[in-house]
Amino acid sequence: MELGKKMSLALTGTGFMVLAAAGEAQSFELTLDKTIGSQSGEPGQLALPQGVDIQEGSENIYVADSEKDRIAVFNQQGEFQSDFGQDQIGDEPAPLTFNDETGQLFVGDVGGNEIDVFNPDGTYDRSFGEFTVGTERPFEGPAGMAFTPDSETLYAANYAGDEILKFDPETGEQLDSIGVRGDEAGQLYGPAAIDVSDSGNLYVSEQLNSRIQVLNPEGESIRTFGESRFRPVRPSSSQPVPADIGPGDLSGPVDLTLDEDNNVYVADTLNNRIQAFDSQGNYITQFKEFPADPPGYFWTVGAKYENGKLYTSDFFNNRVVVADKVPEPSSVLGTALLGIGGAAVIVKRRLRQKLASRS
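Per the numbering used here, the sequence shown runs over residues 537 to 895.
Heads up, some of the hints might be wrong.
Computed list of lysine-lysine pairs in DSSO-like fashion (alpha-carbon distance at most 27 angstroms, straight line) [to be verified]:
no., residue 1, residue 2
1, K570, K824
2, K845, K861
3, K570, K604
4, K604, K861
5, K824, K861
6, K824, K845
7, K570, K861
Ranges of calculated distance between the beta carbons of each label pair, as one might list FRET restraints [stated by the list, open to error]:
no., residue 1, residue 2, range
8, G817, E603, 22 to 28 angstroms
9, N655, N611, 40 to 46 angstroms
10, D829, F675, 28 to 34 angstroms
Calculated directly from the structure, the hints in this document are not laboratory data.
Glycine included, C-beta positions come from ideal geometry on N, C-alpha and C.
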């Protein structure tokens, strides 16, 4: 990548200087930090986790523990803190998101076909919303949710209705809807997750179109990316076998999340990996294999980026995987500033990439 005219020097936590080109996309990789979720039957054990979010202030990790019909809370060290919602959630909490203004947690209650709202201390407050049910699809009810930057509007994906619903989060009143069923620009098929950029644009993962679509606040399509030949679980059709799935291809993506640079991290569910794209849809990297027991993912379902870390719910492995975002220098000069140790990391990674491309 050619260095831009505007540059800034930043000090990393290790004391090395990194030369950053302002306004340009930077490459990075994801490395394993930890996994969360006891396998021993203790209170911290997870069963089919889905949505993940981070509480502002405490930085605690909130997980929709769908098989146990609860929200499980862990600290940043991965230690179980508490749980709640068992008496209010009808069945299968899936998406969840915090309202940054009020601190309340909004939970998609799939079995109850509604959105449940909990106070910051975990006490139940109210429920609202109604979503499409009675279809042939394996999943119905509320899917991904996200607030506008001012927290005054809540977007919620109506998965089986192929639309995005807009709610007043205080009253629960439905204000509008976006989208109709289809695979053209501006149409939706199985919208599973939403995130909203600082400019107000919506990033939507369409599980049944196997793509990411970017919409403006009026619902007009800006771009799509990540579409592959694979089409999972369509009504009245059998599931095809994916072939030649490569970098940038998606197979039934369930969740996505944005970082501070509007890079998009996609839970590429049926490919058992996380893929990262820049805001224009250009492929950056993937996170698929990592040293854990068991190694790697078995369905990536929930995703949340916060403060340099990516939290992913590993559905069938009953855990949350935490990865660090590690920037890479974009030039020889950047590599030199990192020093011998940093250069060695880059060389090793590029060697791994070359070996992988030959296999």
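Next on the checklist: Just to be careful, I want the Cα atoms of K845 and K861 compared with a cutoff of 27 angstroms; is the pair within it?
Outcome noted: The hint holds at about 6 angstroms.
Next on the checklist: Check the hint pairing K824 with K845 against an upper bound of 27 angstroms on the C-alpha distance.
Outcome noted: Status holds; Cα separation ~16 angstroms.
Checklist entry - For the pair supplied as a hint, K824 and K861, is the alpha-carbon distance within the 27 angstroms limit? => result Holds. K824 to K861 sits at ~14 angstroms (cutoff 27 angstroms).
Item to check | Assessment of proposed distance window 40 to 46 angstroms (beta carbons of N655, N611) | outcome: violated, 19 angstroms
Next on the checklist: Need the status of pair K570, K604: alpha-carbon distance at most 27 angstroms?
Outcome noted: holds, 23 angstroms
Next on the checklist: Does K861 sit within 27 angstroms of K570, going by the straight-line distance between their CA atoms?
Outcome noted: Given pair K570, K861 holds - Cα atoms ~13 angstroms apart, limit 27 angstroms.
Checklist entry - How does the Cβ-Cβ distance of G817 and E603 compare with 22 to 28 angstroms: does it lie in that range? => result violated, 34 angstroms
Checklist entry - Regarding the pair K604 and K861, is the alpha-carbon distance no greater than 27 angstroms? => result violated, 31 angstroms
Checklist entry - Within a Cα-Cα threshold of 27 angstroms, do K570 and K824 meet the stated pairing? => result Distance ~14 angstroms between K570 and K824 Cα, so the pair holds.
Next on the checklist: Does the beta carbon distance between D829 and F675 stay inside 28 to 34 angstroms, or does it fall outside?
Outcome noted: Cβ of D829 to Cβ of F675: about 29 angstroms, so the range 28 to 34 angstroms holds.
In summary, the numbered hints that this structure violates are 4, 8 and 9.
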